[in-house]
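Visitor: Each chain is listed here by its residues.
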Amino acid sequence: MTDIQQAPLAQELRDYIAETFLYMHPEVDLKDDDQFLELGVIDSLGFVELVDEVQTRYGITVDDVEITEENFGSIVALVAFIEAKRAA
Amino acid sequence: MMPEPQQRTSPLELDVESAIEQLAARTTTAIRELGRRGAVVAVSGGVDSGVVAGLCVRALGPRRVLCLRLPEKDIGSSSADLGLELAEALGTPTAEESITAALDGLGCYRLRDDAIRMVFPDYEPSWRHKLVRSAPTGAIIVFSLVVERPDGTTEQRKMGAEAYRTLIAATNMKQRVRKLIEYTWADRLGYAVIGTPNLLEYDQGFFVKGGDGLADVKPIASLYKTQVYALARALGLPEAIASRAPTTETFSLPQSQEEFFFGHPYDRMDLLVWARDNGVAAAEAGALTALDEQQAEAAYWEIDRRRAATKYLHAEPIIIDPPTAAG
Chain A
1 MTDIQQAPLA QELRDYIAET FLYMHPEVDL KDDDQFLELG VIDSLGFVEL VDEVQTRYGI
61 TVDDVEITEE NFGSIVALVA FIEAKRAA
Chain G
1 MMPEPQQRTS PLELDVESAI EQLAARTTTA IRELGRRGAV VAVSGGVDSG VVAGLCVRAL
61 GPRRVLCLRL PEKDIGSSSA DLGLELAEAL GTPTAEESIT AALDGLGCYR LRDDAIRMVF
121 PDYEPSWRHK LVRSAPTGAI IVFSLVVERP DGTTEQRKMG AEAYRTLIAA TNMKQRVRKL
181 IEYTWADRLG YAVIGTPNLL EYDQGFFVKG GDGLADVKPI ASLYKTQVYA LARALGLPEA
241 IASRAPTTET FSLPQSQEEF FFGHPYDRMD LLVWARDNGV AAAEAGALTA LDEQQAEAAY
301 WEIDRRRAAT KYLHAEPIII DPPTAAG
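Protein chains in written order, with the numbering used here: chain A, 1 to 88; chain G, 1 to 327.
Isolated chain A, as found in the complex (with noise of 0.2 Å):
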């Protein structure tokens, strides 16, 4: 297992992602590293979802140009910018 997999923030934003935008996906079995576009289970309208939610859970201000695949577009991508922004 690497640190991310046992890491508490990356459980809760999996759990968060199965919740939200995966039940209707039950054959997809979602890897860390996954991309939440090629996988089609977040749209657009998906992401504004999960930047309302990182906003709010984590108590960080995301600007519009951070809003991107590198920053949003996987579990892994999700942790690295939220402990970023926590450190800044």
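These are calculated hints, taken from the structure and not from any lab test.
Ideal Cβ positions, reconstructed from N, Cα and C, are used throughout, including at glycine.
It is possible that some hints are incorrect.
DSS-like cross-link-like pairs, simulated, lysine-lysine; straight-line CA separation at most 27 Å [to be verified]:
#1 G:311 - G:209
#2 G:311 - A:31
#3 G:311 - G:158
#4 G:209 - G:73
#5 G:218 - G:311
#6 G:158 - A:85
What follows is a list of derived Cβ distance ranges for each label pair [what the hints assert, rightly or not]:
#7 G:152 - A:53: 35 to 41 Å
#8 A:68 - G:307: 18 to 24 Å
#9 G:153 - A:19: 38 to 44 Å
#10 G:233 - A:45: 34 to 40 Å
#11 A:23 - G:17: 53 to 59 Å
Position chain G against the provided structure of chain A, taking the given hints into account.
Guide: Okay, now just chain G, sitting in the frame of chain A:
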């Protein structure tokens, strides 16, 4: 004397007279196959509905085309005035029915105001507003709400998902009520409802399911916007319609399709979609459209994303297979 070879300056250039003849003939055939005897066209005062009405007149003659004007309080009277000018120029019958009272009764404006207050809690219905998207950089698209207060000051704030969904649900009612009235007239007259989406709108899913996406025949869904403008001139439409910029006809502040949906002006979008579908590399598409390679890649990404995201809008109802016999 030999005719001079035609200089083709754009891959989208059409022989407009031949195109009009073919589209009109196919529209006649389609309406006949549907067993209808005329055409209802909702005319917004824009170039798409103008060209569709003009093609229907070429197809059926003016007496069998009804130009329907469906004004609404947020849009103002200029669109309906242009619709009347179009009907007069084409010599067709025309009818006008305001959709404002219906929308009011259905709760459209109340729902819209609720959505706007999620973003601007002090919003008053007298303020004008519109929805705008983020720049087409290849990042995930973010929508913001712009309001104009009575003193003329404007403010823009990012929309959350619930506010966005609620606002779109409310404003989609406008397109759906328009369509309801179009079909009511079609029933009365035995006519077909003719849709007005062009290729960009159809291909990229810029329409409301059950609203402007619903029609019996769509004569210009395979024409790029640039080509629609060319046809408008060849059909001799009134200048104010033939040169009118594309708008969304939805929000109370003037709003272009570019700032709400496409992220690029229509002539560039035409070329980008054409290039995407013809295997043109992003660097070359960029050269065609005054974008750098990275910007063209971002545009290609958005084109693909929109196609994937709007499959639902194009989907026919799914008929569920019958249950198999027990035992």
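Visitor: Of the numbered hints stated previously, which ones are contradicted by the structure, given in increasing order?
Guide: Violated hints: none at all, because every hint is consistent with the structure.
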